[in-house]
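Chains as they are written, first to last, in numbering that gives the first Met the number 0: chain B, 0 to 296; chain C, 0 to 325; chain F, 0 to 435.
Some hints could be false.
[Stated by the list, open to error] A short list of chain F residues far from chain C (calculated; beta carbon distances all over 10 Å):
hint	residue
1	V89
2	D91
3	A101
4	N123
5	A124
6	K127
7	G132
8	G149
9	N180
10	A217
11	S323
12	T350
13	S353
14	S394
15	N434
[As the list claims (entries may be wrong)] Chain C regions said to be covered by chain B (calculated; three or more residues, Cβ under 8 Å):
hint	segment
16	138-146
17	254-263
18	284-291
Just so you know, the hints here were simulated from the structure itself, not pulled from any lab data.
Predicted model, so just to flag it, every value in this text is computed and none were measured.
We treat Cβ as the ideally placed atom computed from N, Cα and C, and that holds for glycine.
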Amino acid sequence: MRLLSTLLIGISSGSIYALMALALVLVWRSTRVVNFAQAGQAIASTYIGYVVITHTNNYWLALPVAIMAGALIGALSDILLIRPLNKRITSGPVKEIAPVIATLGLLGLIRSLVGVIWGGDLKQYKAPVSINGFTFGHTTIPFSRFNLLIVFTAVAVMAIFAFVFQRTGLGLALRASAFQPEIARLAGVRVDLVRTVGWAIAGATGAIAGVLITPSTSLSPNSLDLLLVLGFVSAVIGGLESLIGAAIGGAILGIGLALILEYVSTSLAFPAAFIVLMLVLIIKPSGILGSKAGRDA
Amino acid sequence: MLKSKPIRFLLLILVAGVLFLLGNVLPDYRVYEGATASIYVIAIASIILLTGYSGQISLGHGALMAIGGYAAVLSRKYWHTSGVISLIIAVLAAALFGVILGYAAARLRGPYLAGTTLALAVGLPSLANQFHFLGGEQGLNFDIGAPPKFLGSNFSTTKWYFWICSIAALIIFWLVQNLLHSRYGRQWKAMRSAPVSAALAGINIARSKVLAFIISSGVAGLAGALLVMTLNLVTPSEFPLSLSFAIVTGAVLAGIARLPGAVVGALIIVAIPDLADQIATKIGGAERISANLPGFITSLLLILTILFAPNGAKIGKLVSHGSTRT
Amino acid sequence: MFAKRSSKFAVLATASVAVAALTLGALPAQAFNPRSEAGVTATTIKLGITTPLTGSAAPGYSKVPAAMQAYFNYVNDNGGVYGRKIQLTVKDDGYIPTTAVANAKSMSNGVLAYVANLGTANNNAIAKSPVVGLAANHIPSIFINTGYSGFADRTKFPTMYPIFPSYIMEAKIMGQYIKENFAGKKLGLIYQDDDFGSDALAGFKTAGVKFDVAIPYASGSQSAAAGAGWVGKLKAAGAEVVVMFGVTSATGAALGASAVLGYKAQWILGSVGGDATTLKALGVPAAVLTGSIGASFLPGTTDTKDEYIKQFQDVNAKYNAGASFDNNVLVAMNSAMLTVEALRAAGKNLTRDSLMAAIEKKGATFASAAFSPILYSPTSHVGYSGYWFGKYDPSGAMLPDGGTYSLYTTDSGAGAVVKATIKRPAMPAKGLPNNS
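Build out the structure end to end from the sequences listed, making use of the hints.
Next up, the structure:
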């Protein structure tokens with residue numbers, strides 16, 4: 000029973016990590032950038048969703064609005080920041096790391112804007128479905144309809160992404176633009192546009208993650224920071240090259256953390272993430288589903 | 000890029016002289032900022048070595064600074080080591096950890112290493128709360144002692160810290176610069192820009208990478224110990240994730256493979272929040288605005304600097320001279 | 000060749016430019032006289048505060064400076080302190096000690112005293128830093144915003160004046176309350192895994208309370224998932240009475256999880272995490288909060304029959320741009336009122352030393368909203384020393400047991416917990432201090 004509860008808790012939190020990880024892997028696979036601004040895009044979209052909810056009291060209206068906001072912010076991030084950056088820094092040791100720092104700067108920028116517009120106080124909105132755990136007779140398990148919704152969403156997003164990436168023209172274009180932009184251009188792919196689409200989709204995904212996690216905690220300019228770190232760790236665990244891996248990574252991190260907190264010590268939350276990551280990377284240095292040699296598009 | 004040693008040495012002496020003058024002329028608060036900037040120079044140098052030269056990313060150097068800081072404090076507390084010895088122990092302890100981290104890093108590619116170091120930065124400092132002898136949140140004291148008597152009774156502790164930090168920064172600058180011009184530096188540059196050729200030329204890539212990690216860790220450990228010195232205290236919250244990010248940001252602003260740029264990077268990291276604060280105070284306005292404005296301005300200036308600083312293209316040419324692939 | 004010259008030039012040029020930029024900054028090079036009346040002119044008194052305004056520790060606490068400034072503006076509009084207007088310099092430290100020390104240093108020449116600096120680690124760093132020289136330069140740090148017991152030590156922290164009852168006191172008093180009301184029940188405890196929590200553990204130990212299950216959490220790691228784990232352990236241990244001695248977000252996580260999991264227990268909320276407005280903002284259902292026990296040393300924020308609450312709400316509405324009146328605002332304004340009284344008591348010849356002497360000699364007589372006595376004296380830097388207990392009603396208001404406030408007081412050491420009669424000084428007219 001204790002183990003079952005722990006696993007359920009782990010799956011619930013893991014599914015949120017998975018959503019963030021999916022967004023990060025999407026940007027990575029389509030533009031080779033580690034997008035720390037993901038948390039910024041997500042928090043801004045979540046606040047926009049919050050505004051919709053407070054005015055209409057309709058969660059199901061707020062979610063698509065937030066998604067669209069996330070897509071828009073994601074696209075703008077690419078157009079206004081990453082594209083100029085790529086044009087200016089075409090080679091050299093700074094090429095890998097400059098986009099990381101630039102997205103960090105963007106994260107800080109968006110966060111301060113959010114703080115100016117909405118202030119730093121904690122905000123909240125209710126989940127659209129029950130957050131009370133399912134009850135079987137006398138026992139209530141730590142898994143509610145809302146948790147089910149989140150897990151379902153994470154799986155659905157993963158499936159849709161995997162399908163789009165592997166089976167559609169858009170997916171092919173995304174992969175090609177990241178792998179060999181020059182050749183893709185020659186083949187008629189509008190590389191810049193395709194990359195922006197990738198960022199937009201990732202922004203939308205981050206928005207979903209933010210809107211889904213907020214009912215269980217609260218909303219403030221920094222409330223998604225930890226999620227960004229855990230999402231990134233999940234992505235690494237899953238192997239940054241695989242979208243399915245991102246979801247699996249999220250599950251592993253979620254369950255691993257829950258197990259450590261339950262059976263070892265409740266005060267080990269932060270070292271635990273590192274421990275889970277190390278355990279995976281020791282066995283598989285490129286993550287669970289990452290490929291070892293070379294780079295697969 | 001061959002600079003003759005004597006000229007570089009003279010240059011450092013010159014800079015030392017300028018710093019000495021500044022320490023006497025500037026107000027106390029600026030001197031304190033100078034000490035902070037010197038610490039950043041050292042930390043940024045460690046990233047330039049690691050990322051700019053050997054091509055390995057670390058988003059967790061704050062954790063290495065923490066190791067150095069705690070090592071210095073513990074050695075002084077339990078073994079009563081002098082200030083200098085404590086700093087040296089900090090370097091050794093961090094370097095030792097760098098051995099482990101380096102071997103792990105050799106197996107991990109770019110973003111995987113980034114993720115690992117990120118998790119380390121988040122997870123390591125909080126361990127101080129687990130073990131009582133590490134002092135927990137309240138931390139442990141670290142007193143490097145008052146300035147020596149011969150400097151006069153009016154010699155403020157702030158100036159003393161500034162001297163120690165800037166001399167340390169100059170020494171590290173000298174040592175790292177020599178290292179980067181040495182055989183190892185050339186190996187790292189070769190590894191970065193043309194790994195296959197480098198391997199064919201007989202360079203043991205894995206060992207070279209680990210060496211870079213060890214040295215980078217040791218240098219970061221020194222920065223951590225100096226940080227702890229200026230605060231007279233070591234606590235986990237001195238090493239938040241934002242510290243690791245700030246160091247890497249400073250290195251990028253420096254032009255990541257350009258050691259003299261470390262000074263620029265450090266000064267920008269220290270000056271921009273200050274500047275942003277002054278602007279925010281002048282603009283004033285509601286609490287919401289004045290609280291978030293410094294962060295906004297800082298982020299904006301960083302983005303603009305990265306976009307418009309000509310570091311990238313130039314550095315590419317400087318470092319990859321001779322090779323066809325970048 | 001070119002590279003050598005250009006990088007030599009680069010280093011020199013950059014060094015000079017950066018130095019010039021920093022030197023041209025706003026701070027003038029003042030000759031520093033530690034005993035002078037820094038921060039005081041004929042018309043103004045400058046006070047400084049360093050506190051988290053941004054970052055993950057900011058929610059809630061970021062309201063404190065604005066609330067204090069609101070009260071100060073109210074006093075300024077009514078004559079100030081002997082004609083001097085109070086200005087509060089506010090600095091954001093993001094809850095990082097390095098930044099807090101730098102902030103304190105940047106203000107050290109320009110302010111008379113620090114007020115309501117927040118955080119155990121930050122205050123500790125500021126006090127220990129020879130760069131700031133808190134003790135050496137006689138800089139008062141008054142009414143600090145933390146309950147850590149160590150700061151009342153006059154030998155270690157000679158210029159610091161804590162005001163809140165310490166966490167040890169709170170734990171001891173809670174322990175007494177538990178012994179009186181819940182003897183024989185199974186007890187659970189959730190606490191933060193740092194000095195905040197270790198103070199609490201020390202207090203419970205002195206009170207002789209043993210918990211059947213004690214659950215630590217790392218600060219910053221609280222979440223719904225973590226809360227579910229805690230409740231699981233509480234359930235497994237069969238805890239009937241649970242003390243939640245954590246910050247508000249942790250309290251919210253624990254209470255939220257117990258609602259979700261259908262776990263029923265008698266919750267006792269520590270004062271740090273007990274603000275009902277914030278808990279509601281965190282989504283804690285009224286059903287769970289109702290009937291929970293809370294502790295406070297101030298009146299409830301909704302008790303409009305209380306003259307202090309009414310006055311502060313009035314000031315809040317007029318001077319604080321419509322911020323919601325929660326516990327953070329109440330505490331801030333209360334500390335601001337104490338500050339004004341301290342400044343008045345120091346007399347027209349206002350210096351750092353006269354301010355500290357005034358707090359020590361006359362602090363025990365200051366009027367404030369708290370029901371606890373103030374224990375400042377030439378030999379004591381302890382401020383408040385007591386708590387009252389109440390139950391949350393469905394609207395979130397904390398109502399005292401039995402309808403009237405009854406106070407427990409104790410010390411941070413081995414002294415007993417006693418029930419004290421409340422002798423709260425009447426509020427000065429219109430909430431404007433008139434002491435001398």
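Outcome of the hint check:
1. At the 10 Å boundary, the C-beta of V89/F falls inside the reach of chain C, the nearest C-beta of that chain being 8 Å off.
2. For D91/F, the requirement that its beta carbon stay farther than 10 Å from each beta carbon of chain C is not met, with the minimum near 6 Å.
3. Once the 10 Å rule is applied to beta carbons, A101/F is inconsistent with being away from chain C; the minimum gap is 7 Å.
4. A beta-carbon of chain C is positioned within 10 Å of the beta-carbon of N123/F; the least distance is around 6 Å.
5. At roughly 5 Å from the closest C-beta of chain C, the C-beta of A124/F falls inside 10 Å, breaking its exclusion from the interface.
6. A cut-off of 10 Å between C-beta atoms contradicts the statement that K127/F is not in contact with chain C; the least separation is 5 Å.
7. For G132/F, the condition that its CB be more than 10 Å from all CB atoms of chain C is violated, with the nearest at approximately 8 Å.
8. Some Cβ of chain C comes within 10 Å of the Cβ of G149/F; the nearest lies about 7 Å off, and the non-interface call is violated.
9. The Cβ of N180/F sits about 32 Å from the closest Cβ of chain C, beyond the 10 Å cut-off, so the non-interface label holds.
10. Separation of A217/F from chain C is inadequate, the least Cβ-Cβ distance of about 6 Å not exceeding the 10 Å criterion.
11. Remark: the non-interface label on S323/F is consistent with the geometry, its nearest Cβ contact in chain C lying 14 Å away (cut-off 10 Å).
12. Every beta carbon of chain C lies more than 10 Å from that of T350/F, the smallest distance being close to 21 Å; the non-interface claim holds.
13. Even its closest Cβ contact with chain C, about 25 Å, leaves S353/F beyond 10 Å, as expected for a residue assigned away from the interface.
14. At roughly 28 Å from the closest C-beta of chain C, the C-beta of S394/F stays outside 10 Å, upholding its exclusion from the interface.
15. Distance check for N434/F against chain C: the nearest CB is about 29 Å away, which clears 10 Å, and the non-interface claim stands.
16. Against chain B, the segment 138-146 of chain C contributes 0 residues with a C-beta closer than 8 Å to a partner C-beta. That does not satisfy the three-residue criterion, and the hint is violated.
17. Coverage of a stretch by a chain is defined here by at least three residues with a beta carbon nearer than 8 Å to that chain's beta carbons; for the segment 254-263 of chain C and chain B the count is 3, and the condition holds.
18. Coverage of a stretch by a chain is defined here by at least three residues with a beta carbon nearer than 8 Å to that chain's beta carbons; for the segment 284-291 of chain C and chain B the count is 4, and the condition holds.
When each numbered hint is compared with the structure, violations occur for hints 1, 2, 3, 4, 5, 6, 7, 8, 10, 16.
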